[in-house]
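K.L.:
All chains should be built: construct the whole structure from the sequences, respecting the hints.
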Amino acid sequence: MSWHFFHKWSNWEQYLQQSETTYTGFLYPKELRGKSFTCSEWRQKRRCLICGYMEDEAIQ
1 MSWHFFHKWS NWEQYLQQSE TTYTGFLYPK ELRGKSFTCS EWRQKRRCLI CGYMEDEAIQ
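Position 28 of the sequence shown, counting from 1, maps to 28 under the working numbering, and the rest follow consecutively.
The set of hints was computed from the structure by calculation and includes no laboratory data. These numbers come from a predicted model, not from an experiment. We put the CB at the ideal spot given by N, CA and C, even for glycine. Take the hints with a grain of salt, since some may be wrong.
Unchecked claim - Derived SDA-like pairs (lysine to any residue); straight-line CA-CA distance at most 25 angstroms:
no., residue 1, residue 2
1, K45, T21
2, K45, E57
3, K35, L49
4, K30, S19
5, K45, L16
6, K8, L49
7, K45, S19
8, K45, G25
9, K30, E20
10, K45, Q17
11, K45, F6
Claimed, not checked - What follows is a list of derived Cβ distance ranges for each label pair:
no., residue 1, residue 2, range
12, F6, A58, 18 to 28 angstroms
13, H7, E31, 45 to 55 angstroms
14, F37, A58, 15 to 25 angstroms
15, G34, Q14, 26 to 36 angstroms
16, E31, G52, 42 to 52 angstroms
17, S40, S10, 37 to 47 angstroms
18, E31, W9, 15 to 25 angstroms
19, R33, H7, 39 to 49 angstroms
20, M54, P29, 35 to 45 angstroms
21, C51, E31, 43 to 53 angstroms
22, Y23, C48, 33 to 43 angstroms
P.N.:
This is how it looks when you write it as structure tokens:
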């Protein structure tokens, strides 16, 4: 990215992202079909105060 050095970044903001996965289809075992599982991961984001570009990454 050529404009990377011209961004004025805000502080990193950490948040917990949760998503729900439902297993459907005949490729999954019978005991998993139709069940939903919630997955969560910690992520952090920051935004450029000049142009509004946002970086978002997972925290290891």
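K.L.:
Does each hint hold? Answer for all of them.
P.N.:
Here's how the hints hold up against the structure:
1. K45 x T21: Roughly 23 angstroms between the alpha carbons, so the hint for K45 and T21 holds.
2. K45 x E57: With a Cα-Cα distance of about 6 angstroms, the restraint between K45 and E57 holds, given a limit of 25 angstroms.
3. K35 x L49: violated (42 angstroms)
4. K30 x S19: holds (22 angstroms)
5. K45 x L16: Holds, at about 11 angstroms.
6. K8 x L49: holds (6 angstroms)
7. K45 x S19: Status holds; Cα separation ~17 angstroms.
8. K45 x G25: Judged against 25 angstroms, a Cα distance of about 35 angstroms means the pair is violated.
9. K30 x E20: Roughly 19 angstroms between the alpha carbons, so the hint for K30 and E20 holds.
10. K45 x Q17: Distance ~11 angstroms between K45 and Q17 Cα, so the pair holds.
11. K45 x F6: Holds: K45 and F6 sit about 18 angstroms apart, inside 25 angstroms.
12. F6 x A58: 18 to 28 angstroms: holds (26 angstroms)
13. H7 x E31: 45 to 55 angstroms: Between H7 and E31, where Cβ atoms are some 49 angstroms apart, the hint holds.
14. F37 x A58: 15 to 25 angstroms: holds (18 angstroms)
15. G34 x Q14: 26 to 36 angstroms: Distance hint for G34, Q14 holds at roughly 34 angstroms.
16. E31 x G52: 42 to 52 angstroms: holds (46 angstroms)
17. S40 x S10: 37 to 47 angstroms: Given a distance of about 24 angstroms, which is not inside 37 to 47 angstroms, the answer is violated.
18. E31 x W9: 15 to 25 angstroms: Given about 47 angstroms between the Cβ atoms, the range is violated.
19. R33 x H7: 39 to 49 angstroms: Once the Cβ atoms are compared, 46 angstroms apart, the range 39 to 49 angstroms for H7 and R33 holds.
20. M54 x P29: 35 to 45 angstroms: Roughly 39 angstroms apart at Cβ, these two residues keep to the hinted range, so it holds.
21. C51 x E31: 43 to 53 angstroms: holds (49 angstroms)
22. Y23 x C48: 33 to 43 angstroms: The hint (33 to 43 angstroms, Cβ to Cβ) holds, given that Y23 and C48 are roughly 39 angstroms apart.
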